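J.: Throw the hints in and build the complete structure from the sequences for me.
Residue 85 in our numbering sits at position 85 of the sequence shown, and the numbers go up by one each step.
If you're looking for bench data, these hints aren't it; they were derived computationally from the structure.
Note that the structure is a prediction, hence the values are computed from the model and not measured.
There's no promise every hint is true.
[Said to hold, decoys possible] Computed list of lysine-lysine pairs in DSS-like fashion (alpha-carbon distance at most 30 Å, straight line): (1) Lys106 with Lys11; (2) Lys170 with Lys11; (3) Lys11 with Lys32; (4) Lys32 with Lys106; (5) Lys195 with Lys222; (6) Lys106 with Lys170.
[As the list claims (entries may be wrong)] The calculated label-pair distances, taken between Cβ atoms and stated as ranges, are: (7) Phe169 with Gly14: 34 to 40 Å; (8) Met242 with Lys170: 22 to 28 Å; (9) Met234 with Gln277: 41 to 47 Å; (10) His38 with Met230: 16 to 22 Å; (11) Glu269 with Ala293: 25 to 31 Å; (12) Ala251 with Thr220: 39 to 45 Å; (13) Gln201 with Gly115: 26 to 32 Å; (14) Ala103 with Lys268: 28 to 34 Å.
For every residue, glycine included, the Cβ atom is placed at its ideal position computed from N, Cα and C.
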Amino acid sequence: MPDYETILYEKQRGGVLITLNRPEVLNALSSKLQTELHEAFDEAEADPEVRAAVITGSGRGFSAGADIGGGGSEAREEVWPYGLPEGMSVAERLDTTRTGTIAGVKRELHLWELGIPVISAVNGWCMGAGSWLALSCHMTIAAEDAVFSQPEVRMIDSSSFFWIHLAGFKNGLRYALTGDHIDAQEALRIGLVNKVVPPDQLVEEALSIVERIALVSPETVKINLSVATMGLEMMGLRNALMLEAELAAIARSSRRYDFLEHMIEAQKEGGMRAFLQARDGPFRPEPFGPRSA
1 MPDYETILYE
11 KQRGGVLITL
21 NRPEVLNALS
31 SKLQTELHEA
41 FDEAEADPEV
51 RAAVITGSGR
61 GFSAGADIGG
71 GGSEAREEVW
81 PYGLPEGMSV
91 AERLDTTRTG
101 TIAGVKRELH
111 LWELGIPVIS
121 AVNGWCMGAG
131 SWLALSCHMT
141 IAAEDAVFSQ
151 PEVRMIDSSS
161 FFWIHLAGFK
171 NGLRYALTGD
181 HIDAQEALRI
191 GLVNKVVPPD
201 QLVEEALSIV
211 ERIALVSPET
221 VKINLSVATM
231 GLEMMGLRNA
241 LMLEAELAAI
251 ARSSRRYDFL
261 EHMIEAQKEG
271 GMRAFLQARD
281 GPFRPEPFGP
291 RSA
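T.: In C-alpha cells, the structure reads:
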C-alpha cells in the first residue's frame, strides 16, 4: 500500500474509509492531496476486498476547496487592467487555465467511472472544489453541521455542472450565481445529498451502506453502477462537464479589477483572513448555515 501523506486509508467493514487529512487548512485540495486521493481510488478499485469507498474530512470540515492559500507554486503578481500574471500573454493565460480546468473535470470523471461506488460523508465546511468532489461521488451523506457553497464565483470563477445536475436548473442557479451557503437540510431538500444525520453518526451511516452493498455480488454492483453512470453519460453528462471546463477557463481569465480590487487590497494588508472577509462580508448574512445569524 502506498505511504500516503495527505489522506488516511483504512480498510474496514467490506470497504475503505478515505479521510482527507490536512485539518490545519480545512483539507484544502492541494495538488498532492488530489494525486494521492485518486491513487487511493485506483488502489481501492483493484482490491477485491474493497466493495465501496467512503470519503470524509478530518477536523472541522470536509474540504474548504481549492488550496488558494499556498500548497502550490508561487503565484506571479497580476498586472492590471487585465489581471494577467506578470510576463504572461493572454494566450498563455487561457491555455494554462484551460489545462487546469480540464484536469479537474477528468478527476471528477475518474471518480464517476470507478467500478466501485464512492460515498462522500460530508462533515462541516464543504466549499468550492470540495463541494464538487463531494457531489461527484455516487452518494452523499451529510452531517447536520454540513455547509455547502461555491464562494469562488464571488471572485470571478466558475460553478460546477454537478450542482445544476443534482439540484435542478432553478435551485442550482440560485446558489451557483451567488456563491451563497446552504446547510444540510437545504442540500437535502434540493437533492444534493441522500440523507442528513447527526455528526457522530456520519461515518457509521456511510459504512452501513458499504456493508449492504457488500451483500450483493461485486459483478452485479459494478454493472448496476454502470447502468446509472453510463446512462447519464449517454444523456450528455460527460459533454456537459467537458464544456464546463472550457467555459471555466474563460471565466477564470475574465479578471475585472473593479470587482476584485477590494479583495486584493485586503489580502495585501491582512492576509487570507482579510481576503475572505472582503469576499464574503457583503453577502452576509448568508441564507443558511453558521453565517446566517
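J.: Decide, hint by hint, whether the structure agrees.
T.: Hints and how they fare:
1. Lys106 with Lys11: holds (26 Å)
2. Lys170 with Lys11: Given pair Lys170, Lys11 is violated - Cα atoms ~40 Å apart, limit 30 Å.
3. Lys11 with Lys32: At roughly 21 Å apart (the allowed maximum being 30 Å), Lys32 and Lys11 satisfy the hint.
4. Lys32 with Lys106: holds (16 Å)
5. Lys195 with Lys222: holds (23 Å)
6. Lys106 with Lys170: holds (26 Å)
7. Phe169 with Gly14: 34 to 40 Å: Because 37 Å falls inside the window, the suggested range holds.
8. Met242 with Lys170: 22 to 28 Å: holds (24 Å)
9. Met234 with Gln277: 41 to 47 Å: holds (45 Å)
10. His38 with Met230: 16 to 22 Å: holds (20 Å)
11. Glu269 with Ala293: 25 to 31 Å: Since Glu269 and Ala293 have Cβ atoms about 27 Å apart, the given range 25 to 31 Å holds.
12. Ala251 with Thr220: 39 to 45 Å: holds (41 Å)
13. Gln201 with Gly115: 26 to 32 Å: Distance hint for Gln201, Gly115 holds at roughly 28 Å.
14. Ala103 with Lys268: 28 to 34 Å: holds (30 Å)
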